[in-house]
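Engineer: Let the hints inform the model, and build the full structure from the sequences given.
One line per chain: the protein sequences are E and L, in this order.
Straight run, no breaks: the first sequence in numbering that gives the first Met the number 0 ends on number 337.
Straight run, no breaks: the second sequence in numbering that gives the first Met the number 0 ends on number 132.
Check before you lean on any hint, since a few could be wrong.
[Claimed, not checked] Okay, derived cross-link-like pairs now, EDC-like style, lysine to aspartate or glutamate, Cα gap no bigger than 20 Å in a straight line:
#1 E:Lys279 - L:Glu4
#2 E:Lys300 - L:Asp8
#3 L:Lys77 - E:Glu157
#4 E:Lys227 - L:Asp50
#5 E:Lys232 - L:Asp57
#6 E:Lys117 - L:Asp45
#7 L:Lys2 - E:Glu246
#8 E:Lys117 - L:Asp8
#9 E:Lys232 - L:Asp50
#10 L:Lys2 - E:Asp286
#11 E:Lys117 - L:Glu120
#12 E:Lys117 - L:Glu52
#13 E:Lys117 - L:Asp50
#14 E:Lys232 - L:Glu75
#15 E:Lys279 - L:Asp24
#16 L:Lys2 - E:Glu276
#17 L:Lys17 - E:Glu246
#18 L:Lys14 - E:Glu246
#19 E:Lys117 - L:Glu75
#20 E:Lys50 - L:Asp80
#21 E:Lys280 - L:Glu4
#22 E:Lys232 - L:Asp45
#23 L:Lys17 - E:Glu118
#24 E:Lys232 - L:Glu52
#25 E:Lys279 - L:Glu25
#26 L:Lys14 - E:Glu118
#27 E:Lys117 - L:Glu38
#28 L:Lys1 - L:Glu35
#29 E:Lys280 - L:Glu25
In short, the hints are calculated from the structure, not lab data.
Here are the chains, one letter per residue:
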Amino acid sequence: MKLDFQHIQAAHCENGVTTSLLRHNGIEKITEPLAFGIGSGLFYIYIPFMKINNGPAIAFRTQPGLIFKRTCKSLGIQIIRKKFSSKEEAQKVLEDCLRAGQPVGCQVGVYYLTYFPKEYRFHFNAHNIIVFGKEGDDYLVSDPVMEQTTSLSSYELERVRFAKGAFAPKGQLYYPKERVHVTDDQIKKAIRTGIKRNIRDMLYIPGNIAGIRGIKYTANKIRKWKDKLGPQKAGSYLAQLVRMQEEIGTGGGGFRFIYGAFLQQAYAYHPIDALPEISKKFTQTGDLWRTAAVQAAGIYKGRLGSQADFNTMSDYLLEIAELEKQAFVDLSKVKWNT
Amino acid sequence: MKKDEIPHDLGALGKITKEVCYAVDESGKYTTALSEGWEVKATALDVAWNDVEGRIADAKQRVLNNEASPLLFLMEVKLMDIPIVAAYTGFWKWQVKRHMQPSVFKKLSDKKLQRYADVFETTVDNIKNLKFQ
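Structural biologist: Below, the structure written as structure tokens:
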């Protein structure tokens with residue numbers, strides 16, 4: 000059993016799953032940047048009391064699951080999302096969907112994902128794939144970060160769907176409930192909602208660890224890392240920051256480039272000259288994130304390492320925070336026509 | 000990032016798949032292109048693996064010094080931490096922590112050790128007579 004399904008490679012897994020599933024269900028105009036922007040995917044958070052793989056917990060994107068949820072909601076698409084306590088039930092529901100012709104998004108853990116290179120297999124549970132068929136004992140898998148489709152045996156799929164630890168997927172699957180027609184007007188409105196929500200998340204979220212203030216908070220932390228953690232651990236922390244920012248799934252520059260692409264695509268629906276101009280600012284901050292990554296690499300490779308080098312790193316982040324603040328303030332001043 | 004600045008430093012992932020990057024072309028329009036990797040992030044990943052190896056070596060030493068049970072070593076080899084081990088074995092976190100003590104570990108039943116063996120993909124016998132491979 001193999002559904003007629005078009006694999007789309009994307010930068011980010013959840014964007015990719017959202018885009019592919021929506022296109023499969025008849026929404027031809029959706030693209031990865033649109034899904035990301037409508038879902039208000041851009042974010043920043045540093046959670047000080049949490050550790051991921053013994054390093055700092057940093058994210059450049061919104062909470063897993065929200066992009067799919069928000070994008071569908073904004074476009075008026077109902078979704079089905081299920082978690083399971085029984086592995087048999089999880090498999091049965093998945094197969095029922097396939098028989099009904101519906102490809103299914105699954106949240107999975109990466110550690111036991113056999114087709115991933117070993118170097119990438121940490122205990123990370125918020126990866127997303129689409130299952131679109133079964134041949135013999137093998138499920139056909141469209142993993143949005145891969146160029147080609149791949150497959151997992153039923154045991155392998157069960158194992159990744161029931162990975163344990165933080166964000167344990169619990170067999171979670173999701174898909175749009177029905178085929179719907181989405182008008183340009185709906186997309187237009189969804190873009191506006193997505194941008195407004197993103198302004199709120201980046202500028203006005205309470206506390207000082209998230210949004211623009213989260214970037215400044217991290218900048219101030221980095222200044223102290225060398226003395227507080229020692230050079231070795233400080234280097235590891237910076238490496239973790241760079242991985243969250245640049246690793247597979249981000250499209251580069253901590254998702255800032257995808258957001259820049261989104262604003263350009265938004266212009267097609269909202270011909271407001273400010274949008275492509277603000278897009279350039281996101282390109283600029285993405286570039287600056289990458290410049291900061293090069294500085295960080297100098298430190299964790301041991302080429303740099305003085306307090307002055309940590310200060311430079313910290314200053315980059317402060318500069319980025321100012322730029323992104325300006326970009327979102329500009330977005331909040333956009334005069335929408337509809 | 001400009002399209003012609005997209006790095007192509009072959010990394011671990013690049014051998015299996017190229018990844019999508021977003022960048023602007025000559026006219027300033029966003030487009031996607033495939034990248035084989037970037038040296039800056041490849042070395043970040045190397046740092047992460049170095050840390051893992053460091054933790055495994057520490058754990059080995061602590062087991063040899065009889066400061067920790069072999070479960071600590073096996074946990075580090077599987078890149079796990081106590082909450083993850085607890086989730087996979089079904090023990091409570093405080094139980095897993097206790098089982099890491101050599102004195103408590105010695106008294107563990109084979110039945111309990113089997114739960115660890117399943118998660119660490121080894122045998123009870125191997126856990127009891129751990130060879131550090």
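Engineer: It remains to establish, for every hint, whether it holds in the given structure.
Structural biologist: For each hint, the structure was consulted:
Proposed proximity of E:Lys279 and L:Glu4 is supported: the alpha carbons are some 16 Å apart, at most 20 Å. As the CA atoms of E:Lys300 and L:Asp8 are separated by approximately 16 Å, the hinted pair is consistent with the 20 Å bound. A C-alpha spacing of about 19 Å is found between L:Lys77 and E:Glu157, which places the hinted pair at or below 20 Å, so the restraint holds. With a CA separation close to 18 Å, the supplied pair E:Lys227 and L:Asp50 stays within the 20 Å bound.
For the proposed pair E:Lys232 and L:Asp57, the alpha carbon gap of about 15 Å is at most 20 Å, so the pair holds. With a C-alpha separation of about 12 Å, the suggested pair E:Lys117 and L:Asp45 falls inside the 20 Å cut-off, and the hint holds. Straight-line distance between C-alpha atoms of L:Lys2 and E:Glu246 comes to about 18 Å, which keeps the hinted pair within the 20 Å bound. Between E:Lys117 and L:Asp8, the direct Cα distance comes to roughly 18 Å. Compliance with the 20 Å bound is thereby established for this hinted pair.
For the suggested pair E:Lys232 and L:Asp50, the alpha carbons sit about 9 Å apart, so the restraint of at most 20 Å is met. The straight-line distance between the Cα atoms of L:Lys2 and E:Asp286 is roughly 12 Å, inside the 20 Å bound, and the hint therefore holds. Between E:Lys117 and L:Glu120, the direct Cα distance comes to roughly 16 Å. Compliance with the 20 Å bound is thereby established for this hinted pair. This hinted pair checks out: E:Lys117 and L:Glu52 have alpha carbons roughly 14 Å apart, not beyond 20 Å.
Taking the CA atoms of E:Lys117 and L:Asp50, the gap is near 16 Å; set against the 20 Å cutoff, the hint holds. Distance hint between E:Lys232 and L:Glu75 is fulfilled; the C-alpha atoms sit about 18 Å from each other, no more than 20 Å. Between E:Lys279 and L:Asp24 the alpha-carbon distance is near 13 Å, which keeps this suggested pair within the 20 Å criterion. A distance of roughly 19 Å separates the Cα atoms of L:Lys2 and E:Glu276; the hinted pair therefore holds under the 20 Å criterion.
Annotation: proposed proximity of L:Lys17 to E:Glu246 holds, straight-line Cα distance about 12 Å (limit 20 Å). For a cut-off of 20 Å, the pair hint linking L:Lys14 to E:Glu246 stands: about 15 Å separates their Cα positions. At most 20 Å may separate the alpha-carbon atoms for a hinted pair to count; E:Lys117 and L:Glu75 meet this at roughly 16 Å. Taking the CA atoms of E:Lys50 and L:Asp80, the gap is near 11 Å; set against the 20 Å cutoff, the hint holds.
Straight-line distance between C-alpha atoms of E:Lys280 and L:Glu4 comes to about 18 Å, which keeps the hinted pair within the 20 Å bound. Proposed proximity of E:Lys232 and L:Asp45 is supported: the alpha carbons are some 14 Å apart, at most 20 Å. Restraint check: the Cα-Cα separation between L:Lys17 and E:Glu118 comes to about 15 Å, which is no more than 20 Å; the hinted pair holds. The suggested pairing of E:Lys232 with L:Glu52 holds, with an alpha-carbon distance near 14 Å, which does not exceed 20 Å.
Of the pairs offered as hints, the one joining E:Lys279 and L:Glu25 holds, with about 13 Å between alpha carbons and a cut-off of 20 Å not exceeded. For the given pair, L:Lys14 sits about 11 Å from E:Glu118 by alpha-carbon distance, which is consistent with the 20 Å threshold. At most 20 Å may separate the alpha-carbon atoms for a hinted pair to count; E:Lys117 and L:Glu38 meet this at roughly 18 Å. A C-alpha spacing of about 16 Å is found between L:Lys1 and L:Glu35, which places the hinted pair at or below 20 Å, so the restraint holds.
For the suggested pair E:Lys280 and L:Glu25, the alpha carbons sit about 17 Å apart, so the restraint of at most 20 Å is met.
Comparing the model with each earlier hint shows no violations; every hint is respected.
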